[in-house]
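Asker: This is what each chain is made of:
There are 4 protein chains.
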Amino acid sequence: MSAPKKVVLAYSGGLDTSIILKWLQTEYGCEVVTFTADLGQGEELEPAREKAVMLGIKPENIYIEDIREEFVRDFVFPMFRANALYEGLYLLGTSIARPLISKRLVEIAAETGADAVSHGATGKGNDQVRFELAAYALNPDIKVIAPWREWDLSSRTKLLDFAEKNQIPIAKDKRGEAPFSVDANLLHTSSEGKVLEDPAQEAPDYVYQRTVHPEDAPDTPEMVEITFEKGDAVAINGEAMSPATILTKLNELGGKHGVGRLDLVENRFVGMKSRGIYETPGGTVLLEAHRGIEQITLDSGAGHLKDSIMPRYAELIYNGFWYSPEREMLQALIDKSQEHVTGTVRVKLYKGSVNTVARWSDHSLYSEAHVTFEEDAGAYDQKDAQGFIQLNALRLKLLAARNRRLK
Amino acid sequence: MSAPKKVVLAYSGGLDTSIILKWLQTEYGCEVVTFTADLGQGEELEPAREKAVMLGIKPENIYIEDIREEFVRDFVFPMFRANALYEGLYLLGTSIARPLISKRLVEIAAETGADAVSHGATGKGNDQVRFELAAYALNPDIKVIAPWREWDLSSRTKLLDFAEKNQIPIAKDKRGEAPFSVDANLLHTSSEGKVLEDPAQEAPDYVYQRTVHPEDAPDTPEMVEITFEKGDAVAINGEAMSPATILTKLNELGGKHGVGRLDLVENRFVGMKSRGIYETPGGTVLLEAHRGIEQITLDSGAGHLKDSIMPRYAELIYNGFWYSPEREMLQALIDKSQEHVTGTVRVKLYKGSVNTVARWSDHSLYSEAHVTFEEDAGAYDQKDAQGFIQLNALRLKLLAARNRRLK
Amino acid sequence: MSAPKKVVLAYSGGLDTSIILKWLQTEYGCEVVTFTADLGQGEELEPAREKAVMLGIKPENIYIEDIREEFVRDFVFPMFRANALYEGLYLLGTSIARPLISKRLVEIAAETGADAVSHGATGKGNDQVRFELAAYALNPDIKVIAPWREWDLSSRTKLLDFAEKNQIPIAKDKRGEAPFSVDANLLHTSSEGKVLEDPAQEAPDYVYQRTVHPEDAPDTPEMVEITFEKGDAVAINGEAMSPATILTKLNELGGKHGVGRLDLVENRFVGMKSRGIYETPGGTVLLEAHRGIEQITLDSGAGHLKDSIMPRYAELIYNGFWYSPEREMLQALIDKSQEHVTGTVRVKLYKGSVNTVARWSDHSLYSEAHVTFEEDAGAYDQKDAQGFIQLNALRLKLLAARNRRLK
Amino acid sequence: MSAPKKVVLAYSGGLDTSIILKWLQTEYGCEVVTFTADLGQGEELEPAREKAVMLGIKPENIYIEDIREEFVRDFVFPMFRANALYEGLYLLGTSIARPLISKRLVEIAAETGADAVSHGATGKGNDQVRFELAAYALNPDIKVIAPWREWDLSSRTKLLDFAEKNQIPIAKDKRGEAPFSVDANLLHTSSEGKVLEDPAQEAPDYVYQRTVHPEDAPDTPEMVEITFEKGDAVAINGEAMSPATILTKLNELGGKHGVGRLDLVENRFVGMKSRGIYETPGGTVLLEAHRGIEQITLDSGAGHLKDSIMPRYAELIYNGFWYSPEREMLQALIDKSQEHVTGTVRVKLYKGSVNTVARWSDHSLYSEAHVTFEEDAGAYDQKDAQGFIQLNALRLKLLAARNRRLK
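From first to last, the protein sequence lines are chains A, B, C and D. Sequential numbering of the first sequence, starting at -5, is according to the numbering used here. Sequential numbering of the second sequence, starting at -5, is according to the numbering used here. Sequential numbering of the third sequence, starting at -5, is according to the numbering used here. Sequential numbering of the fourth sequence, starting at -5, is according to the numbering used here.
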């Protein structure tokens, strides 16, 4: 890789990415463009602008954007159409944000004539893979600089030294080391590392940031109605909202009732296991409701096919292959299934759990006439079951006859 | 089908199967053997014996058996090794009991020289399929009599008339019609039909029988430790127990905390949707704990493969193909994966939810040395990630280069 | 099912469907509309018109149509995009034609005000299922009459008696019974039954109708170039052709070289095994060539995903679920993959075999720069492989370390 | 990685691995143990011993072994039980040999106290991955030295210079460069590189080494009968043989008739496409025959499940994951299916093709009584098909009714 001339950095304004910014300037001597995105992480962005200016970034090289709507509409919602769960439990809150960030990095590189992008992910995690696979898939010639894999600032002390030497201001509470590491966006907050590293130890209460403790949640359940159109949530309690607004509102509701906590040991793409604490309040509610509406609007053929490919789809997103032919092929399959996933679900939130209690839809395939215990109105002839069973049994009988014959 | 001479009936002692018993005697003029099993449904079995005697069954033709241990050891536990969920949510409590009942029916037929078996499942449901596929798979020449598909007693009135005409005693509370239909065994209680038929209406509180309302559950969470060996639960809170005892104990714990309720609209094998209310307290706890122990003892290759075949496995059980080559093949795959699924999980039960909070094992694959945020002790070279990403990206780059070339 | 008033019959003009026609008139007393389609079976259609007139069908009730282009364009080609093979070997020549015939039956029923359709498939085969599932999927209220499952004309003698009694002319060569049964269309000819029923006996030479014996094929190989656009063949040896023309031409080429014979024992959807002799000359060439072009234009992610869902896709078509949500979902996935499957393949035909020998495309992903044994021009850094292997090995090392630890 | 002290080298006796041997001695100053295996590649092994001695290897450090029986029995045959084909066409001849070689390297390392193993695979191919994943899976602490990724001898000139400088004898025909690269074992011969690098150019005739040109094959077909027991071939034309003898004999038969050639562009695990010419005469015959016997001895449930997991299984072997939990899990599934795959198949070999023409077995599931066109003997009630179709159609009708309702 020849030396980069100009690099677009995914910049949070925090200490670590400020150090990276300075390191890129000093180590590579290259011009830096900063990209700071509001993905719903709950931090103000303007301080990042000030800090970038202070670190010598030209105003026209500072990009600050609210991409929450794009995030939910084009990434979160398509993923939820699949009911995606990684390893049975994880709602992929970090994984799904990375390709969007990379997409903007690559686009800004094209706009500003930069030949490289850079990110603050370490060499041990999945995020480096996600950032970089997305970047290469969008621009095969882009250079990617991953300082954590390159530099020798691998201890806290060295980092702080570098910061001081380079006049990077260090907030008082950053002098000591955080007891765990956090990633947040509109879909979730994840915490990992340090005090969480032993999976035999319960996570301390102070780790949770976005959901109340179920024990502290209201003593009265709350009912929420979510309306879907073609697989995407479009209204809460009858009120139409934009995608990001819906997710924000569901986060509020779920968080209030302690919904969406997960303590998980998962398999990283890079080969080791890690333990994470995830809080996905709105996403957990959304998944339950989406399943609820699919129950009456998807037929079994569609539903079972979706279920069978879901683990692969989730794995692709987890591993960073959002921009891959196979993810797009699976998405085409999933989206095709959602044409009639339209209707409303009522869920009950209560002290950490969310459960579907009712669902209705003009697109419903549920037929009381067929299922009823009441005397038949002719919709279904019970005698048909005889032939159905006989032909399904035929091969089993032939197998049994063989086994008997060979004894 | 030539007329059956002697038939083994799955007999609960209740009104419906008593009517079937009498109908078999009168309609087919055949000798009846009754089989009443304790699968943990929570009813006493001796009344069934008395009733059978009263209906003219010879003592040697009355089989009453406690098969709870066999049920849990050979059916429930193998299924839980797979983390089986039908349509993402259903723990298959009814489905998994049917093949065992059929197995005993066929075995008793062989012992007693009967040429037929009979059951009380209707022509609209899945249970007829499960009973009959299992029976044919075990004895290809067995005859199966499904009275509900044959007779003309399809209304409540006709049934009661038949009962009266044949001096079958009718308990007072059976004169009116039950507001819904129930199936129960050690794994779950399911309720469906009548008042539950409209999926847009919430299930009334009185439907639930086995779990307290989450709102009525204790205000204090309870921690439970479950120990696994090769994928099966073997101890609770350090105390070793038999399979059925473990499930009984977990039912008690889960039920007390309102865990394991499910309101589901599902797709029946026979083609229509139905709505069921399931209570699976112990099973829900067991699934969570099993996943918890797999998190640290299964590697990603094993885990992801299991996840990918699980929907198919669950569908086979739901559809009644327990005794099929493909279920046995999948079981071989699953069992192979469980050789190291040994260790202990701590779960927290609280007002309707169950969550893993800690897990440990001598068989753990979790390596703090690899994942730690602390400075490396050499277990992992972050620079390897560079090559890993580059080769994973190669095909994506080639794709992107093509797209650019063709523009 | 109430009695049908007017029925559209899939009518070949042959003896069997003529008997059905008359039987419908006499048994149900209903008006009959005949539908005779040219699907490339190689028979003239006008005799069917004459015969229909003779059997009393009104001219406006006689539908005769050449649907070969629709057959290849909308059914055969989409299926070949998937490289569909049932049970590893069968190109689904019969299966893929049935939904189109049903579609036209149902459409003609709508045009003519008929309330039923009818077909000549027996009660033992797959075709009844395919015809009827397609019909019900397109019109849930249509009635389907399957005479072979209803009538008592189940022996050759009874059939001929019925024909004579009803003045249906019987060609001399139809008096005796055919030594096997044949189905043909533009994609294939299948033969089964009678002399072919013992799978331990080689099929006699006279069974083959559409391909020369490989031993009689030319002694000189023939090279053929097939050009694809988005997964569909569009030209042969540089000459652009319509879908049906391409398949016709490939049949001619393949047949001449003895390509496309298959002797198969397969599993029918209705539960038993059957043995068939299939001749699919053009289809066999097309499959080979399509795979050839995919080799350079599909990346591994897309290709492997296609391969993994192909068996399910083929099974759906075989079982008659062309018009099902899951087939359409899989088709969406497959079609998405074909956007760049454009280019040309050269295959060699010789005495029963067809093999790709060269392929080229502007859409090729093959990169000589990456794969070359020559000294590198920098396209690929061999050192990257080190990291790639290390991270892929990490979980295997952790497993091995566990095994050692537990010994 | 600390410096290795003693290394076991996969040594062919050829120029390249002799250079590696010397390079290991000089570069790492370590003791070298050579392992030369007869996998059926058709070369004498004793010259390798002489050469090793000449290069200074102590006699007790020279391992020469005939492992053909183990290769076929424990690697090739288990793989063929799965009908494994990579990317639809490739019989995995190279892939399946690598894990066995690695296994012996690691075992010999344990016996001789070596701490490292080494191989001659380049940094661009799959073989490095296969060798190394297998080695790490068997011994997590083993060091692997891959000289082609490390040294600077990357051009032919540099290699020859090194050889001369180190007194490694160079056969005259090795001075010039081979026009392509070859790998061979009892299962196949593969050729790639150089003259084969352009997939648009037909492979020259001289590339083929193990099969006659179909045009030169005998003008008379040859029939061969292969007998299987539990999925493995055990006899040819009635004569029982050991696994390696069977494969040798099938190679002879297939090669004589020009069977088993393949010109393929495939996707390497390391991310690029490559073109290979494969000759797998015996394997091609074996696959066809194995499918033939499965046709009558496997039921559809088993067969379709096998088909659906096969692509994944083949990919695992191709990618080098033979020693992985997921390959072993799939093997357990496959082996379970083979319990009744016992019987005999007759195949016809003729000018490049092999086709099943007959098969028979005591374990056959084929039932002439069920499938016959003759009048029924009661084995099958055609009326059952009515109910079978109705229930399979039910969901399709409900879908169609919805679509109509919403119009």
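Mixed in with the good hints there might be a few duds.
Note that identical chains are pooled: a pair holds if it fits in a single copy or bridges any two copies.
Straight-line C-alpha distance at most 35 Å; calculated DSBU-like pairs for lysine-lysine [claimed, not checked]:
1. Lys97 x Lys377
2. Lys152 x Lys342
3. Lys250 x Lys166
4. Lys52 x Lys152
5. Lys97 x Lys243
6. Lys250 x Lys342
7. Lys52 x Lys159
8. Lys16 x Lys224
9. Lys137 x Lys188
10. Lys0 x Lys401
11. Lys377 x Lys137
12. Lys137 x Lys152
13. Lys224 x Lys137
14. Lys152 x Lys97
15. Lys330 x Lys224
16. Lys97 x Lys188
17. Lys166 x Lys52
18. Lys168 x Lys377
19. Lys(-1) x Lys330
20. Lys342 x Lys(-1)
21. Lys97 x Lys330
22. Lys0 x Lys166
23. Lys152 x Lys224
No lab work stands behind these hints: they were computed from the structure.
Asker: Work down the list of hints and note, for each, if the structure agrees.
Answerer: Status of each hint after checking the structure:
| no. | hint | in the structure |
| --- | --- | --- |
| 1 | Lys97 x Lys377 | between (58 Å within a copy, 24 Å between copies) |
| 2 | Lys152 x Lys342 | neither (50 Å within a copy, 41 Å between copies) |
| 3 | Lys250 x Lys166 | within (31 Å within a copy, 48 Å between copies) |
| 4 | Lys52 x Lys152 | within (28 Å within a copy, 51 Å between copies) |
| 5 | Lys97 x Lys243 | within (27 Å within a copy, 47 Å between copies) |
| 6 | Lys250 x Lys342 | both (13 Å within a copy, 20 Å between copies) |
| 7 | Lys52 x Lys159 | within (22 Å within a copy, 58 Å between copies) |
| 8 | Lys16 x Lys224 | neither (47 Å within a copy, 49 Å between copies) |
| 9 | Lys137 x Lys188 | both (32 Å within a copy, 31 Å between copies) |
| 10 | Lys0 x Lys401 | between (77 Å within a copy, 26 Å between copies) |
| 11 | Lys377 x Lys137 | between (68 Å within a copy, 16 Å between copies) |
| 12 | Lys137 x Lys152 | both (26 Å within a copy, 32 Å between copies) |
| 13 | Lys224 x Lys137 | between (39 Å within a copy, 32 Å between copies) |
| 14 | Lys152 x Lys97 | within (32 Å within a copy, 44 Å between copies) |
| 15 | Lys330 x Lys224 | both (9 Å within a copy, 20 Å between copies) |
| 16 | Lys97 x Lys188 | within (31 Å within a copy, 39 Å between copies) |
| 17 | Lys166 x Lys52 | within (27 Å within a copy, 66 Å between copies) |
| 18 | Lys168 x Lys377 | between (74 Å within a copy, 27 Å between copies) |
| 19 | Lys(-1) x Lys330 | neither (44 Å within a copy, 38 Å between copies) |
| 20 | Lys342 x Lys(-1) | neither (55 Å within a copy, 52 Å between copies) |
| 21 | Lys97 x Lys330 | both (25 Å within a copy, 22 Å between copies) |
| 22 | Lys0 x Lys166 | within (32 Å within a copy, 53 Å between copies) |
| 23 | Lys152 x Lys224 | neither (52 Å within a copy, 46 Å between copies) |
Checked against the numbered hints above, the structure violates hints 2, 8, 19, 20, 23; every other hint is satisfied.
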